[in-house]
Structure formats: C-alpha cells, structure tokens
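Let the sequences and hints guide you as you build the complete structure.
Number of protein chains: 2
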Amino acid sequence: MSLIYAFDHAHPRAPKDLKALLGGKGANLAEMTSVLGLPVPPGFTITTEACRVYLREGWPAGLDHELDEAVAGLERRMGRRLGDPEDPLLVSVRSGAQFSMPGMMDTVLNLGLNDRSVEGLARQTHDERFAYDSYRRFMAMYARIVLGLDPEPFERGLQDAKVRHGVENDGELPADELRALVASYRELIVELWATFPQDPRAQLRGAVEAVFRSWNGERARAYREREGIPDDLGTAVNVQAMVFGNRDDRSGTGVGFTRDPATGDQGIYGDFLVNAQGEDVVAGIRITEPLSALEAQFPEAFRELLDVFARLERHYRDMCDVEFTIEQGKLWLLQTRVGKRTGRAALRMAVQMTQDPAIALTKEEAVARITPEHLDQVLHPQFATSDVAVLARGLGASPGAAVGRVYLDAERAVAAAGRGEEVILVRKETSPEDVRGMLAAQGILTTRGGLVSHAAVVARGWGKPAVVGASTIEIDERGFRVGDTVVHEGDWISIDGATGVVVLGQVPLTASEPPGEFDTVLGWADEIALGRVSVRANADTALDAQRARRFGARGIGLCRTEHMFLEPDRLPIVRRMILATSPEEEEEALAALFAAQRDDFRGILEAMSGFPVTVRLLDPPLHEFLPDLVSLERGDAAGTLSDEEHRLLLAARQWHEQNPMLGVRGVRLGVLKPGLYTMQVRALLAAAHDVADAGGEPIVEVMIPLTVSRAELWHALQWVREALEQSTARVEVRVGTMIETPRAALVADELAEVAEFFSFGTNDLTQMTFGFSRDDVEGTLMPTYLANGLLESNPFKTVDGKAVVTLVRLATEAGRRIRPGLKVGVCGEHGGDPASIRHFVGAGVDYVSASPFRVPIARLAVAHALLRAKDVSETA
Amino acid sequence: MSLIYAFDHAHPRAPKDLKALLGGKGANLAEMTSVLGLPVPPGFTITTEACRVYLREGWPAGLDHELDEAVAGLERRMGRRLGDPEDPLLVSVRSGAQFSMPGMMDTVLNLGLNDRSVEGLARQTHDERFAYDSYRRFMAMYARIVLGLDPEPFERGLQDAKVRHGVENDGELPADELRALVASYRELIVELWATFPQDPRAQLRGAVEAVFRSWNGERARAYREREGIPDDLGTAVNVQAMVFGNRDDRSGTGVGFTRDPATGDQGIYGDFLVNAQGEDVVAGIRITEPLSALEAQFPEAFRELLDVFARLERHYRDMCDVEFTIEQGKLWLLQTRVGKRTGRAALRMAVQMTQDPAIALTKEEAVARITPEHLDQVLHPQFATSDVAVLARGLGASPGAAVGRVYLDAERAVAAAGRGEEVILVRKETSPEDVRGMLAAQGILTTRGGLVSHAAVVARGWGKPAVVGASTIEIDERGFRVGDTVVHEGDWISIDGATGVVVLGQVPLTASEPPGEFDTVLGWADEIALGRVSVRANADTALDAQRARRFGARGIGLCRTEHMFLEPDRLPIVRRMILATSPEEEEEALAALFAAQRDDFRGILEAMSGFPVTVRLLDPPLHEFLPDLVSLERGDAAGTLSDEEHRLLLAARQWHEQNPMLGVRGVRLGVLKPGLYTMQVRALLAAAHDVADAGGEPIVEVMIPLTVSRAELWHALQWVREALEQSTARVEVRVGTMIETPRAALVADELAEVAEFFSFGTNDLTQMTFGFSRDDVEGTLMPTYLANGLLESNPFKTVDGKAVVTLVRLATEAGRRIRPGLKVGVCGEHGGDPASIRHFVGAGVDYVSASPFRVPIARLAVAHALLRAKDVSETA
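Quick mapping for you: the protein sequence lines, in order, are chains S and C. Those letters in the first sequence? Residues 1 to 876, by my numbering. Those letters in the second sequence? Residues 877 to 1752, by my numbering.
It is worth saying that the hints were derived from the structure and are not from the lab. There is no bait here: all hints are sound.
Think about it this way: if two alpha-carbon atoms lie no more than 20 Å apart in a straight line, the pair counts; the simulated SDA-like pairs of lysine to any residue are:
{"#": "1", "chain 1": "C", "residue 1": "1678", "chain 2": "C", "residue 2": "1662"}
{"#": "2", "chain 1": "S", "residue 1": "340", "chain 2": "S", "residue 2": "271"}
{"#": "3", "chain 1": "C", "residue 1": "1549", "chain 2": "S", "residue 2": "783"}
{"#": "4", "chain 1": "S", "residue 1": "428", "chain 2": "C", "residue 2": "1527"}
{"#": "5", "chain 1": "C", "residue 1": "1549", "chain 2": "S", "residue 2": "786"}
{"#": "6", "chain 1": "C", "residue 1": "1678", "chain 2": "S", "residue 2": "814"}
{"#": "7", "chain 1": "S", "residue 1": "428", "chain 2": "C", "residue 2": "1526"}
{"#": "8", "chain 1": "S", "residue 1": "673", "chain 2": "C", "residue 2": "1662"}
{"#": "9", "chain 1": "C", "residue 1": "1206", "chain 2": "C", "residue 2": "955"}
{"#": "10", "chain 1": "S", "residue 1": "673", "chain 2": "C", "residue 2": "1665"}
Values in this document were obtained by computation on a predicted structure and should not be read as measured data.
This is the structure in structure tokens:
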C-alpha cells in the first residue's frame, strides 16, 4: 500500500469515504478534485498509516522515496520547483485526522522559501513586500511548530516593527522593514536553536514530522479524551501548492457555510478578509467582512463560490463548510467538510433537507443526523459564549447551564430563593435532607460523588443542571476556595451541567426553547422504533409522570416507592413502623402508609393512563429511613439524646449493616417484613381501582427488586396474589422482577418461569459485577482508573459492554427461551445514555427507561441504535 | 407401572439397586428373598411412587385393587387369611424410604387382629396370653400411629395392670388381665376417637396411609433437613407376614452387625432379647443379651445366623446390619442393610476389605466408602454420647467438640487459660482483637455471624471447634441466657462444632487419634487424584504452612498478607504508614514493614519448599487497620480522645466507606498506594532469595486480588516486574490473579492474556454474584431463607452450583482458550467443602485450597469427585 496519494489519484471508492486513510481534510480535497472537478490547488496526502508507523517505529521506510516522487509530480504539475531561486514552488503542510479536531494540530504555510528563493518570489511577483511578508510568516511558523521555539519573541519583533512605523496592519509594513524582520528572525533562530534550514526538502520533512508529532500533543490528547476519539488513529498530512490570499488587494481568504450553522437558515454565511492568509482569519486580529460583501469586490469569484456551495450541498447532501482563497481574482478551494451546527440548526436543516428535492433526505437519515448533544442544546439553556475562564471542572451530571449565587446550605438556599434570588446550591454531597434546597436552586454543584450520586440522580430527574465531583473545590463554613480563588456565599457562579465546567461570575445563557422541528424529528425517531423498542420514564411522582408523558414516554419503567417514604410527612410514620414493639403498632403505621401510598399511586396511574406503570416494591435497607448512626452515637456519647432519639439509636444499631448495598434490602426486606410489601401491593391495587372507576386505564406492573432465586420470586408473587384475591380492581396486573444481581442474570431461565417481565437494574448490576460501590469508588478511584486507562470508560455512565451487557444478553435470551415474548426492559441511569442504549438495543430489550428529561434523548438514541443495525450512518 | 411388588418379584435388575422405588428396607428384603434365598417372612412393598401420588393427590387410583391382590397372594402363600376368626394372618406395616431415616417414621405390628380373630389366634397357638398380648400391642400402636391419639393413657393402663399384679415385665401379665386391658383400650378409643376398626382391610388401609403421612411428620422433616435428604422422595411401605419373637421362650428378637461398627473389629456384634418383639429391643426397657449368648440358647439358629452374616458380607461386599426374629427356634430375617459405622471403623474396615479375598475391595472402592464425616470423627474429639440436652443450636463452623468454662472477653479468656482453665470464648462476634482469646480457648461460640464470619474462618484455620450464629443466646455483661436458662461467666458448657449444638455442663469427649488406616486411605485418594487435581492449603504463617504440609497439602493456595499486618507489633507501623503526612514518613513505615514481611514469607517458603506458594497482595480496605470509627466518634463527642486518637479518627473518616466490600481494596488499593504493593513483592522476592540461598526450593506465585480488567492486571504486573528486575533471586515466579468479581470471570479471556494462573476467590464471588454481604445476611436473613426454601443451601457453605460454578466454568474455559494449560485453582472457604469440591472438579480446576485442618477432607473429596465421574459409587 502506498503511503502517499495525490488529490487526483483514482481511488476505487469515493475519496470522501476514505477518511480513515486520508483523514477528513485529505479525503474531501480528493473528493473535490477528482469527483467534483472544483478548483483545488494541487497536492497530495500522506496517509494516517504513515503517521501510525512513524509514532510506533519512527520515520517510515520508503516514505522519503514516495515523498520525493510526490513532490516531483507536484513540481511538474505546477511548472515550478520547490526552493527554485528563480520561481519557487511554495507549499502548505497541514494535518488532517479522521475525526475533525479543529485547531488541535499544526499547520505550516509558505514552505519552500529560503534566503535565495524569497528573492525569486519577489522577482516573479514583482512584489518584494509580499515575498518577505510570506517569508517572515513561514519563518515564525516553522520556528514555533517544527523547531518548538517560544513564539513570543517573534511576535514581539513584528509588533515592534509596526510600532516603529506607526502602522496597525501587518500588510502596511514596507518591504525593507520586512526584510529586516526576516534578518532578525534568522538571528533569533540561531540564538534559540541553530541555523534555519535552507534546504526545502529538509524543511518539508521537518514539517511532516512536526504534524505527525502533534497528534500526541497535549491539546490533541486532551481533546480526544473529551470527545472519545481513539488515541491510535494518527493523522494524515496534506501537502498542497500554496495560493496566496495575501498576494494583493485582488486577493483574499475566507470561510463559509452553505447555510447558517447557528439557526439553520438557508443562504450563505461566512467571513472574508482581503489581502490575507487563512491564519489571519482564524487569529481574529483583523475585522472580517461578511461573505455577501464579496459580491461587489469579486463578482466573478462570488458567483463561482455560490455555484460551488450549491454543488457541495447537493453532493454531500448536507450543510458544508468551506475554506477558500482568492488569488488575484481566481477562486481556490482549500478545504470542505460537513459543517458543525447548533442543535437548533441541526433540527431545522434536517427537516428542511427532507423537503428539498435536490437533497431528498429520508426521515431516517434526518434522524440519524441529530445527536444527543443537539437535543440537549435545545432542551436546556447553554452558555451563550465559549469564552469563559474555567474555575473548576467536575462531572457533567445533568445537562444545561445555570447561573446563581452560591449557597452552601439547603435551608439558606430555600430562604434566598424565597427572596427572589437565583441560587446555586453548593454541597460536598447531597442527601435526601437537601432535596428542598435542590428544588429551590437553579443548579447544583457538589465536590464529591459521581454520576449516580444522589445529587446527580435527583438533578437529572428534574432536568436541573448539575455538576458533581468537582474535587478541586474545598468548601468551608463561609464559602469555598479553588486554589487561591475564594468564593463567598452570595457570590455569583455559573455552571455547565453538560461539560462539568464551573465559572466565576454570571455567564450569559441562551434560551431553551425547542424549535418546532424538535417534535417532527422525534416523531420520526418514534416511527423507526415503533413496535420494536419503546422508551419509558423513571418517575416517582404524578408530576414526574405528567412531565415524562409530555416528553414522549410510553409508560413508567421504574417507579421507586422509597422516595414517597422520605417525604417529610411520611418519614415519622415509617419510623413508627420500624420502632414498633407490637404487631398492633406496626399495623397502625402500615395503615397510615397505605393511605398515603394509595394517593401517590393514584396520581401516577392517572398521569400514565393507557401506558404501563412499573412499580418497584420498597428497595433500600431500613436504616435509610433512620437518622445517621454516627450522629446518634455521638449524641449518645455526649449525653444529648432525647428518649425518642435513643430509641432511634437502638433501631439504627439493629439495622446497621457492614455493606448495605449487599444487605437486607429489596425482596429480602420483604421476606423479613412481609406486611410492608403486602401493604404496598394493596395500596397500588386500590389506586388502580380508583383510577379505573374514574374512567382511566391503569396498567400495573409490580416489580420485585433484588431477586436471586426462583423460590424467592415465587414467595414474593404470593404477596401480589393475596392482594389481588382481596381486590376487585378491573386492571391488568403483571408481576416481574428486576435483574440486578449477577445471579439473577445467570438463573434467568428459572426466574422466567415466574416473572412476566424482566427489568435490568444496571446500576446495581454494574456495582456487583465490578465489585464497585458507586458511593465509594467514584470519588478518587474512578478518576485514577480512567486517567491510567485501567478502565475504558466510567461503567456508571456508559454500561460495560463486555461483562454487564453480556449478562443482559444472556439473561434476555435465557428468559425468552422459557417464556417466549417475555418483556425485557432496562431501568436505571444507563437507560438515558445513548452509548448504553446502543448496547441494550443490541442485546434485544423491548424498552429502556430514562429520567423524564432524558426521554427525548433516549427516543433518539433508540432510533439511532436501530438505524445503526440497518447501517444508516449517523451524522458525519 | 405397578404400585406394589412382592418380595419375590422377578425384577430385571438386582432389587438392592432399586432403593429409589422400593425404599432401602423393601429393596433389601427383596434382595434377601429373591437373590440370596434367605428365610424372610413373605410380604410385599408398596412403592415410593404410590406415596408420592398419595401426598400429591390423595389415595392413588388402583392402589386398592393392587393391595387386594397382593394381600390375596400373601394369604395364599401363608395358607391363612387376614382377619380369619379361626386362624388369622397377621402382618406388620413398616415404612422404608430410599435413604435410611432411623426411627423417623412409623411402624404398625400385629395388624389383622380384631375382637374375633384374636380368639382364633389364641386357639391356634394354644396361648391366650400371647394372643391378647399381641392384640393389646396392636391396639396401642394403632391408636397412636393411625388414629393419632395420645399414647399416655394406653401406657398408663399397662403400668396400672402391672402394679395391680405386682409384676415387672409385660410378659408376666396373665391372659385375663390382658383381656381386661384390651377391653379398657377399646373404651379409651371410643372415648377419644370412635370405634376401633374391626375390618382388617380398613386397618391395613389406615396403617398404609399413616406411614405415607409420616413422611411429612415433623421429626422426619427435621431429620431430612439436617441430612440434606430431598423432601419429595416419599417412603415405601412394607407389608409382611408377622413372625413372633414374643411367641414363647423358644422365641426372641435381635439386631446384629457383621463386624463391630464402633471399632471395625471382625466378628459378630449385636443384641438379643428372648420372648420379645422388635419394639422391645428398640425401647430399651429390658436389658438385652449379647449375640454370642445365642449360641447356648439357640444353637441351630445361631449357626444359621453366622452363615447368613457371612453370606451377606460377601454379597454386599460390606459390613451389614441385620434385624432378625427367632420364632419357636426358627430364624427369620426382617431387615438388612449396609451398616452405619464410626470413622475409625470405616477406615479400618475399608482397608481390611481390600485384603479380604472374599470381598476384594479395590482401593478406589475403599476410598469411595469413607465420608468426610468419618475423617472429621477421627481428626477431632467428639461428644462421647449422643444423649445430651441441647441448650442452643448455631451453625457448626469448625468441626470437633470442646468443653470449657464460659468467658465473654478475650482478655479474661487468656487470663483464665493462663491459670490452667479450659475456656470456651463466647462473643457476639469476633474481630482481630479477639484473636489471642480465641487462641487460648478450647472452642469458640458466637451468637452472630455465619460460616465465613471472622470467628468461623479463624477457627477452621486452627482446627479449633466453633459454633457461630447461635442466635437464641443473649449475652449480657455477666453471662448469657437462653430463654429462662442463665449461664454465668465461669460456668461449664460443651459445644459440637460439627453439628452446632451447645450443651450446658461437661459432655465427655472421645479422643482424636487417627488410626493407621487414615494415611493408607488418604494415600489411595492421592493416587486417584495424582496429576489431575491437587490440594493446597490456605496458610498465613510458617506454623500453618508446616501443619498443612503434614496434613498432605501440596502447596499454599492462599497466603493472606493482611493477617501479618494485624500482628500486635505490626499494627502500629501500618497505622504510621496510613497516617504518614510526607513521602518520607510513608517510606520509613514501608521499610519497617518490608523487614517484617520478609521474615514472614521466609518461614512460609521454607515450610513449603518444593511446592508452590501463592501470596495474595494486600486485600482489605485500609480502615480495617484503624480503630473502629464509631468508637472514635463517640470518644470525640465525649471529648476523651488523645491527640493520636484524634489523628486516627480523621484517618478513619477519610478511609471510611459505605460498602467496604465493594470499595477501595485489593488491587484498587495498590493503584492508589503503589508503594505498599511493591514493598510486598520486594519482601517476597527477598525472602525467596534467602530460602534459595539456604538450599531450599522456593516456588513463588504472586496473586493480584479483585481484578476487573486486563489493563488493571497489566498495571499490577509492572510492580512485580520492577521488583524482579531489582532482584537477583534465582526463583520461579509466576503472576496470576484472583477471580472474585463477576466481571473478572466474564472477561477471563482478557485476563488470561496477562495472568499465568487464576485462583477463584469464591467467597467474594458468591457475595457479589448474589449481592449478599456475608456479614449482613448470615445472621437473620440466611436462616429465614433456608427455612422457607428460598435458597437450596447456604451458598457460603456449599458453592452455588447454578450461577457461581457457571462463572467458574466459563472463566476456566475462556482462560484456557487464550492460554492453554492455564493453572486454575480455588481458594476460599469452599475449597474445604466436599460438595463444593465436586462442583469445582467438574468445572475443571487444577487444585483446591483449604484451611490446613480441612486438607485431609479435601484430599478425600477430590478423589470422590474424580471417582464419581468414573461412577465408582460412594458409600451406600
């Protein structure tokens, strides 16, 4: 296989599909050259394979030879030679990886100039100023990128010269001054490093190596980690004949989009600079003109550009962005690619392009082009600017941005919100006692905990922005500090719950108003999924259930009953039940809980009338309903406990467990306290009865948590049967189990003899499969593991595709062998994560259940997963 | 299929192999009748299948008809008819299940008598006394067993009669008195129930139903639970013509063994009663004579009996026990079976029978006949009597019996032992702080915790008797109470660590001295296992390693390094390491630990020279080396902490975890504190160096605990590599991993790319597969689950054959696909459990590792598992 391909090489496949080999830039340059016949300066691409070999073993054998041949070919095409003292060929050397990594790797322009060829360029162009301007640019770039020198002295030299001449723009410096600048640069390089290489072949090899190396640069590595791009792809290198936007005032350079990437509006959009090279546009030093201004100054090039835009959109069937240069009135295209866009624009364009006969996007393709991030952007406010000073970083736990004043305590947060303040609640971690403060806040920031910590789960449930585990923040009584920065209670901060960024002060936010196309595209997504995989919501209250239904949930996949027990008016009753010393006391407490739960369930069943509601019987260990043991012990040791508290202490000791995650909870609690579970089932059936009487259509699914054996599930089934026998409700009731212990997954065939449905509780399944207590490992251990590559990703964010998904697949298959048509779902946090959803759909589940605000994302992700199986490619 | 078979039915297979159908008693009666031609009173067997149908659906269709035919056949054979007023046939009705359940189910004798036939019997036998004695026996039995009446008034009637007549033996009562007794019984039955049935067919059906029902009697259920006999087998019923040991003084009844079941000595052994029925022998009211006394009284029957014994041994190729009756000088055999024996006798007979040409037992058969309980009996002292009053029951956690005075506190236990007292340490549960007290005690009793609790594991390690989780015992400051019984510190108790029984006072104990045959049989077991599966020991000290080697361990499968850290002289250094505030302090502490660990490892490697020693790097979370958090918090709240303790409090808080089992331990700790792990590896290599220098042959296996991913294991491997590079030890070093998370088992293919061996840590694997924290569920939950049949057995005692063994098998197969010949072992408590060993051998492991005292059991169990695959049947 060759290591180098010219842009006009006759590939057997469309070059645009060869990004893995040629990089994105190289593939599109070849596409424009060889397929579309657009005016692209000739050049060639050194493949990503060459880079991979270089990074592994050093400069590839044979690359010198291929490079010589490629340069010779280019020289023949251009009628000029690299380094020719009379009429030199100049080239650009640019990186271009498979996935776009804008600004992350390096570029060298004007390569081929040296002390002699610069004179030839001056003569040929009759423009000494231009020639020396090009040379000083090349020298500065080469020094910085290839030689790795500090750019500052070079920049200062240029500034000094401008000051000396009293000019503002680089272009206004006269040729003499530029010549002097080149001389000073030459000396600088000798001083800082060694002789500036005069041999253009040596320059070229140096530049190619620099681009190769830049793949492993710090910025590039960080970018890839953030974007999930593999580290072993390498970059291609594009060597291209230079055209000069800085040639004169009949020249210029610009970037353009075939539609507005912010709004999705049709019509060209972009920026242009007369007499400039691309780096000037990027640097933002000079003020650019809008593309429309081209029409007056370069009428012919403008017409041609419009034609190119139209052809590119038709060819790529998508919005493209384009880099171009005009050299003395002639248009040259330097790059194109399918352009990045905002969520709003993505939705709008996707719908428009299905209606545009020239593009004729199918609905499936339209759905495939929308990313989860696009939806997040239109669902939640965002930072309106990316130009923010990051104070701290945590885990983005619940998307959306929020601005507010810091409060460190839930009560004070509630009080401040009552006064009309906007509040960010900042806590080490949150517990059920903080819930009111969290509700009152615009956003939540914690310094500990992970993506399934209490703060994260609750915030996602409410669609409220949250950053968790921002461990560089140290909280004290009056505020917090990050390094030397001190933030007091009452100070303004801004958080971005998608990226985990924390910013001091008030960052302006965009509004969150999904455009009309939002429902159109998600409707198409639902069509793709119809009858195959549905999306339900995790919801514990009527309000959540209503919201979930509005977001398109087709049922409740997980209604946790413990949150109902934690309501301030319920908790005392629950404690009465725990402290009961006689069956009568216990029954009295259970009767009070029955009435409360009946109300809770009624509201949820009403909101989801016609759709199934899966109610999980009480799951957590009883001590979660008691005050913290350590506080009680301390009170006891200090002699400050009331009689009531002393009774609570004894109960807390009795129910204390070494490893509550693996202790008496779920169905185990039901076995020890069957009255509690039967009460829940009776309350649920009574509520269903109420709803049916009122004309609703309740569909009830009772879910038994934490099962490990068939006999245990059968035992639990009897609670439901007994309650059913006493009930007169005309409702559909199914009984199933959560699969959340590895054993349940491995004995799924036995469980399916009893269970009418399975729902994978992948949080607990992950905890037990890895032996990871999320509370304990997400703080220090998980970041260390991820940073050292000991795990590919956080298994609490994206489900482990190797072991946990294997259990899901094995259990689904085994269950369906025994009970064909067994309904299988996933509840738990992974149900809202697109990468996890892809795994689950692959494993054959019937539904996923996500928190209400994640339902749209899940609907999209389900469609993507199904399309992927059909090979409808996602957004380029 | 028939529901009834006569004893002389021509079965296609040897009847003795039809126990599942005919029950043990019926099968052997048929064998003696139809194969051996021995004198057995004719009769027939109602099958276990009939019983199963009865228990499921009620009286089986067709059974009446078959029963009529069988009775008619018997009547023809005997020339008498059931209930005939002139010359009645009498029968016995006896239970007989597949597995022997002595005394657990019911028997009715003399059935067929009624008010008229008793007169016929009297006339035929010319013995009115005999006839009415038989009738009163039958009525009392029938009332108790078939009618379910209280036996007490019947017994009182008999006693009153004897008092009235001033006689001691039932047989001395005259006929008139017996006739009056019968009349009074008749009235009693009318009073307590209804008319006594006169129809012999109704009597028979009632008796058969009673036997069927007795399968589900309370005693029988409890017995089966204890012995692990399935509940759904049912019992057969044997109906047999009566012969009368109580006919006259030329009659009698007895039981005998073909060898001494206590010692294994050759020669007959048994008891005999003149003029008695079997129930008299069992009841123990009259003093029996030894079998040898028969020779003088019944010379002919005695010779015949000797001949029968010899034939039975040759036929069954084993020691048999026999029930027989002599009726007017003629010998009848009522039952035979392979006899139960003590451990000592079992070993002795097994070896003798290989040398006896008439039996010609193979070594494999000899090994197959020894049970783990036999070995336990000769390895540990036992209660010398089974006649003990049980005070409480717990889990038998470490076999052997012990007697001592109760001490509730480790220090007081040590002091008492110092004074020469024998001590039983009684604690709620034990912790490392109790270890010295445990060492000083004869035995250990805890009221909480399960079979893998600290107390259980440590006691088994030392071979010291222990009963754990005796939850009816309530400890207070001065002693403990069970219900109304109060036991003070200093009082004597006795415990049986095999059965879990706790007895008040001093029970006499047998000595524990394995006979010479012990080593012979285990040597044969090793021959069977040679080159296939070996047995190693779990040992943490040189002493343990030496002991393990003496017990036949071929290596150490698990050397835990944390116990070394808990030694009183080490703990302060470990705490210094944890509290270190600078790298220097930490290194200083590590250097001190290095020296200590080097010594530890040297002793172990010396003791196991030539065999592999698998050292597990530090596994537990760091807070295990700190004082209890709650105590520190209480001290802090009460203001009583020293500065040092306050620093420990802060550390305990920092390292505190919600679920330590799933937290930062094992390799995870190593990732966060690599210095600790490298220190351990260096100490191990240095020790190996020392041992090799001294002429020993150290074989070192380094085991990484709690791995979940290949990258993590690779990371850990580097610690070993670095240490190896710095070492000059000429030793074999292999690096492997524990498989103790479900994920490790599911990604075993990846792990095998790095690991040179696998060792399944089935304790943790069980905890995570079930989601069972052993500390938390073994107290209340596990007994409830077992009692309700929600689990088949305690998965911490016998490995879960369904899910956990599936993981073991899948991982073993996957690992060997990647690395053929991968060595796979099991460490952890299951490695000493025979039923678990059978599973592991089936899954293909290369070795199991057990605590030193369990090594002989494991050697036997391994041989059994391998023989089972070859279908060499275990002891009958």
